[in-house]
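First to last, the sequence lines map onto chains E and D. Residue numbers for the first sequence follow the numbering used here, so the first one is 1 and each next one is one higher. Residue numbers for the second sequence follow the numbering used here, so the first one is 1 and each next one is one higher.
Result set (BS3-like, lysine-lysine): computed pairs, CA atoms no more than 27 Å apart in a straight line:
hint: 1; chain 1: D; residue 1: Lys189; chain 2: D; residue 2: Lys207
hint: 2; chain 1: D; residue 1: Lys246; chain 2: D; residue 2: Lys277
hint: 3; chain 1: D; residue 1: Lys188; chain 2: D; residue 2: Lys203
hint: 4; chain 1: D; residue 1: Lys246; chain 2: D; residue 2: Lys188
hint: 5; chain 1: D; residue 1: Lys66; chain 2: E; residue 2: Lys143
hint: 6; chain 1: D; residue 1: Lys203; chain 2: D; residue 2: Lys189
hint: 7; chain 1: D; residue 1: Lys189; chain 2: E; residue 2: Lys143
hint: 8; chain 1: D; residue 1: Lys78; chain 2: E; residue 2: Lys143
hint: 9; chain 1: D; residue 1: Lys189; chain 2: D; residue 2: Lys66
Just the calculated beta-carbon pair ranges, DEER-fashion:
hint: 10; chain 1: D; residue 1: Asp186; chain 2: E; residue 2: Ile61; range: 51 to 59 Å
hint: 11; chain 1: E; residue 1: Val216; chain 2: D; residue 2: Pro126; range: 51 to 59 Å
hint: 12; chain 1: E; residue 1: Glu141; chain 2: D; residue 2: Asp15; range: 28 to 36 Å
hint: 13; chain 1: E; residue 1: Ile85; chain 2: D; residue 2: Pro126; range: 48 to 56 Å
hint: 14; chain 1: D; residue 1: Gly13; chain 2: E; residue 2: Gly231; range: 47 to 55 Å
hint: 15; chain 1: E; residue 1: Arg77; chain 2: D; residue 2: Gly240; range: 39 to 47 Å
hint: 16; chain 1: E; residue 1: Arg77; chain 2: D; residue 2: Lys188; range: 38 to 46 Å
hint: 17; chain 1: D; residue 1: Pro157; chain 2: E; residue 2: Gly231; range: 41 to 49 Å
hint: 18; chain 1: D; residue 1: Asp132; chain 2: E; residue 2: Thr113; range: 45 to 53 Å
hint: 19; chain 1: D; residue 1: Pro157; chain 2: E; residue 2: Thr133; range: 39 to 47 Å
hint: 20; chain 1: E; residue 1: Asp153; chain 2: D; residue 2: Lys312; range: 53 to 61 Å
Hints listed in this document are in silico derivations from the structure and should not be mistaken for laboratory results. Since we're looking at a predicted model, the values are computed, not measured. Glycine included, every Cβ here is placed at the ideal spot set by N, Cα and C.
Residues per chain are reported as follows:
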Amino acid sequence: MGSALGATPIAILAFLQSEFATGEQKKVGFIDWEWIRDNFREDIVPAFFQSIYLCAVSLAIAIVISVPLGILAARYRALYPPLTIITGFFYTIPSFSMFTILLFIVGFEVGRTPAIVALVLYSLLVLIRNVVTGLDSVPPETKDAARGMGLTDRQILFRVELPLALPVIVAGMRIAIVTLIGISVIGAYIGAGGLGDLIFDGITRDFPTLYVTGAVLSTLLAIGADLLFVGAERIMSPWARRSRGAT
Amino acid sequence: MIEFKNVSKTYAGSDRAVVNDLSFTVADGDICVLVGPSGCGKTTSMRMVNRLIEPTNGEILIDGEKNTSMSGTQLRRKIGYAIQQIGLFPHRTIAHNVATVPNLVGWDSDRTARRVDELLDLVGLPPDQYRDRYPAELSGGQQQRVGVARALAADPPIMLMDEPFGAVDPITRDRLQNEFLHIQEDIKKTIVFVTHDIDEAIKMGDKIAILREGGVLAQYDTPENILANPDSDFVSSFVGTDRVLKRLSLVLVRDMDLDPANGSDNLPRISDGLTLKDALSEIIGAGADRGLVVPDGNGGSPSGTLSIDAIKTLSHDAEVTSG
Chain E
1 MGSALGATPI AILAFLQSEF ATGEQKKVGF IDWEWIRDNF REDIVPAFFQ
51 SIYLCAVSLA IAIVISVPLG ILAARYRALY PPLTIITGFF YTIPSFSMFT
101 ILLFIVGFEV GRTPAIVALV LYSLLVLIRN VVTGLDSVPP ETKDAARGMG
151 LTDRQILFRV ELPLALPVIV AGMRIAIVTL IGISVIGAYI GAGGLGDLIF
201 DGITRDFPTL YVTGAVLSTL LAIGADLLFV GAERIMSPWA RRSRGAT
Chain D
1 MIEFKNVSKT YAGSDRAVVN DLSFTVADGD ICVLVGPSGC GKTTSMRMVN
51 RLIEPTNGEI LIDGEKNTSM SGTQLRRKIG YAIQQIGLFP HRTIAHNVAT
101 VPNLVGWDSD RTARRVDELL DLVGLPPDQY RDRYPAELSG GQQQRVGVAR
151 ALAADPPIML MDEPFGAVDP ITRDRLQNEF LHIQEDIKKT IVFVTHDIDE
201 AIKMGDKIAI LREGGVLAQY DTPENILANP DSDFVSSFVG TDRVLKRLSL
251 VLVRDMDLDP ANGSDNLPRI SDGLTLKDAL SEIIGAGADR GLVVPDGNGG
301 SPSGTLSIDA IKTLSHDAEV TSG
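Full structure from sequences and hints, please.
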């Protein structure tokens, strides 16, 4: 790849920023490091943070919805099948269709809001399911002992059940955040911004530097988020690690 | 004192009682063992004391007061609770587990920490070594000790124990039983103790309530009297055909009147800390008809001899007590 064609990097840059360039002649190599350096602050960093914002806000909203619903479903079992069916339905809608449906059927403006709504809907299934599974995994004798010693229902929930369910709940969050980061890239299609913009622009303009940057950063973001949750889980449940070591 | 007054429990949608018109009284400082085959309602009966289960009819009085005179959670904080599956909190350290009830009732942290160490010592787990471990790092026997310590934490006058030594091997169980009886000599709790094992009932109980299917009380008496005079065929078959030997296991050699020890050099030596059952086994095993009784521990001069005949006489005597 990449005949320089005598163009100086600055000329290429100007060419790119004028945003109508296409074709072979602007390539100075598969990755144009100069472009990255020059646009780092202006384009790449903001896109990166937009993606983080988009995913963090969506996950936070999804958690706020899922944890209480999961607790209710674990208590009142009849709620669980309908919840799984509805959230499972959201989960199966292909992401392009989801964004389109939100725009044209629900009537959202192009932008962040429909993207966040879509991302929240996608997270619900896995989050709720893991809250219920986590609560189910709490040994019945532990709950019985707690009740027998005079803990109230609320104390049993917050001091026994949720802490013990935490590793499973966090496992759900890990799956959710990685899924969200993947789908959020597509959100750029409806104006959600973020790293998806770099990828879509790069493809449209046949400028590999752009889409490779977007792809690499969104991958790093997914890996980083996953590691963050693993770390958080380890800090919050030291007992789980020690008991694994003991057996 | 715990009084069961005509207590019955029938679950909704069932016409068969789980517990049927149960009345008995547990005296202060006694261990009352509820024993019977599965489905006899022994665990249900125990769980009605601290209102984990509410009776359909009748009432339970604790020191003369109905156990419904306060909320269930308030009541349960005043009653120790230990169960077979232990139910330690896996996410909390041993110290934190033991401190559960003190924390619930708002002890300050110094008092709680002192109490935790005291209890871990009491159940034979050096606090420095065990305080900060997690339950999964302990053996089954150690976890059961923690379970007992946790039940004792806020020094409740009453304890409910549902097969508290059930989940360990027989040797460890025997040791835990002995240790607990030793502790009970000092703490004198009023205890309702559930087991399906008649041997454990005989060993642990000051009184035994034998329940039969459908939650009917078959007999309520001391172990000695139940073994000597079973009320019904059900009780005698539940107690087992070896009930004579079981009675012997309630009496220690040192509580017997011994024959003088002259010219008995070739006799098997029997520690006076053994039960008559074990002594009998030693004598028969040595092919003798009597044994030389020596003090428990090392050395000491013989205090007399014990003959098979003396044991035989005693086992015919319905009035035998463990002295």
